[in-house]
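J.: Required output: the full structure, derived from the provided sequences and hints.
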Amino acid sequence: MNLLLKNLKNILLYKIIIISLFLTLGITYIRIKIDKFEKINNVVIGIITDIKEKDEYLQIELKTKYRILVTYKGENVFKLGDIVKIEGKVEEPVGNTFPNLFSYKKYLKSKKINFIIKADSVKFLSENKSIKYKIKNSLVNHIGKYKSCNYLKTFLLGDNNDIDTDIRNTYQSNGISHLFAVSGMHLSLFAGILLFILKRLNEKIKYLIIIIFFIFFAFLTNYSPSILRVLILYILLTINRFLKLDIKAIYLLMIDLIILILYNPFYIYNIGFIFSFIISGSLILSSSIINNYKNYLLKLFIISLISFVVSIPISINNFHEINVVTPLINLIFVPFVSFIVFPLSIITLIIKPFDNIFQISINILEELSIILEKLNIKIILSHIPWYIIIFYYLIIILFIIGLKNKKIRNIIPLLLLITIHTNIRLVINPKEISYLDVKQGDSILLNINKTILIDTGGIRNSNFSIVKGSTIPYLKSLGIKKINYLILTHGDFDHMGEAINLVNNFKVEKVIFNCGTFKTLEKELVKVLDKKKIPYYSCIKELNIDKNKLYFLQTKEYDNENDNSNVIYTELNGYKFMFMGDASTTTEKEILSKYNLPDVDVLKAGHHGSKTSSSKEFIDTINPKYSIISVGKNNRYGHPNKEALDNLEDSKIYRTDKDGSIMFKIKNNKLQVETCSP
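Numbering (this note's numbering), first residue to last: 377 to 1054.
Hints in this document: simulated from the structure, not taken from any laboratory. Values in this document were obtained by computation on a predicted structure and should not be read as measured data. Take these hints with a grain of salt, some might be off.
[To be verified] List time: in silico SDA-like cross-link candidates among lysine to any residue, alpha-carbon distance up to 20 Å: (1) Lys488 <-> Lys499; (2) Lys508 <-> Ile623; (3) Lys494 <-> Gly471; (4) Lys992 <-> Glu947; (5) Lys965 <-> Thr988; (6) Lys482 <-> Phe413; (7) Lys415 <-> Lys488; (8) Lys826 <-> Glu947; (9) Lys780 <-> Val685; (10) Lys987 <-> Glu1019; (11) Lys923 <-> Leu1047; (12) Lys807 <-> Lys1043; (13) Lys750 <-> Tyr547; (14) Lys754 <-> Ile543; (15) Lys952 <-> Asp1026; (16) Lys965 <-> Leu1021; (17) Lys499 <-> Val453; (18) Lys582 <-> Leu570; (19) Lys1034 <-> Lys992; (20) Lys1041 <-> Pro761.
T.: Next up, the structure:
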């Protein structure tokens, strides 16, 4: 009878937890939508909670009444916990200006940061007397003396910023980045060590000491969401154990989730947070399946397979591709990191002579990752809406049930869904023109059965590659696997500066140059094209794309590279588009004299809206309904020019510096406009 009452109470409790979770998710949605925050002054005083050196700049996280990110060009003479006075320019973080891609603004919000200050000065006021900052500074300084300090910081402080970017990319490509994010695996090992050391103590005191250690470790790792998840879950499991509540682990995980998103609703923008809960929940629910396997490697494979499969929808909408060999790769890396690399990091911290041995293990780790990346089998999958995500999870649940009943055939619906998804562009033929925000430059994507990219953009004096960081991920988010034609309007850096990066990192079938002799950048690109055996053409008059045709209106050779720009006209479903490159008024006059141009629906204005283009005569003749100006924010050229804007005033003007990327979609024979404002 008592057991029956207890079961009824638990059922009622579980219903309350589930209802509370859905209510919390609803409240979270509302909180995000109505998010409001007070403005801050350009002079603030706060505590330094984190410092990173980025190129010539310091990136400082500052704790005041709010959390603030500070960028400062100066020498790092500060310590964690220092109280400083900051003076500078206050800015709100910029969101993504390419659809479907990572939003830095949302990421900072997940850290409760609403403002960035570009500091003119950072003045030291006083040292923090807190013992926890003294310990952390001592630990950071101690780790800094090791050859392997970059990996010690990764495993012990949750800071992987000093790992070489190319190596870090191989970890992500292989699907093993989770091994370098301090999480449950790391804390479980710490807990095991502490339980062994404290085995003679009272049970409750042991667990209390471990919880205190976890709280301090959370401080060391700047309270990362994945560590907070483990910390709160460990506390809940401890309470559940000692009070003999017999609440199932999955419901404790739900309570954990409720607590964290009530504390910070923007955690849902943190990819590590999402992966952490999705995978943890799935493994808890699949524990009976996992425990059926006694062989360690087979059990590890099942864990890796379930983790991989349940993360597919999240990976699709964040990375837009999956690596199907990831579960097998984890069979190599998980034991190596769990039993060798991570334990060695702890031993090395205590016994410095182990630094050389630890470094050898790191070298093996990196070389393995580089080698295995070449064996990757990646599938590009386009961005999916929420209802397709739900459908994916229904199929995934069917697959996991199949694992439980050892029905391997249950994987067929998932494989079928992925196959349909990856080939969906063969069925749905989109008509979309995207004017990409490549800052002070041009890049336009024509997604019209075939894929055409007009220009690549190029940011001078910057380590950031707009093609690798934005354009290629955006192409993948649309399910695009190759560029059929790369059209380069002319040889200036802001139009083709990223062409070699594109060709080296994405499949390009053919390249088309403008008329005139090749300039330096074009010659460098030709060398790469010859090496890769990619055909290229120059000074063509038209291009047939299935039922569509692109007309190249500028075929005269000038001694000015801007005037030699390819000028392209096309018509899609009755809508007329024109792309002017950097053509000046000279080219405009020549085109008017040669062609009887109709009214244009969408014009990509010439030369970023400078005064040398978009003459009144030309604009009045083609009478655009929409005008697009591709221009960088606060650019040094003063683009767009007021005269050009005045000439375009009868059209609806969109600017990439204000509107981000601008997408024109033809659906049901109607032209729709979408923007991705920063």
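J.: Now, for every hint given, state plainly whether the structure supports it.
T.: Status of each hint after checking the structure:
no.	hint	result
1	Lys488 <-> Lys499	violated, 24 Å
2	Lys508 <-> Ile623	violated, 34 Å
3	Lys494 <-> Gly471	holds, 17 Å
4	Lys992 <-> Glu947	violated, 23 Å
5	Lys965 <-> Thr988	holds, 12 Å
6	Lys482 <-> Phe413	holds, 14 Å
7	Lys415 <-> Lys488	holds, 14 Å
8	Lys826 <-> Glu947	holds, 15 Å
9	Lys780 <-> Val685	holds, 15 Å
10	Lys987 <-> Glu1019	holds, 6 Å
11	Lys923 <-> Leu1047	holds, 19 Å
12	Lys807 <-> Lys1043	holds, 8 Å
13	Lys750 <-> Tyr547	holds, 12 Å
14	Lys754 <-> Ile543	holds, 18 Å
15	Lys952 <-> Asp1026	holds, 17 Å
16	Lys965 <-> Leu1021	holds, 19 Å
17	Lys499 <-> Val453	holds, 10 Å
18	Lys582 <-> Leu570	holds, 8 Å
19	Lys1034 <-> Lys992	violated, 24 Å
20	Lys1041 <-> Pro761	holds, 17 Å
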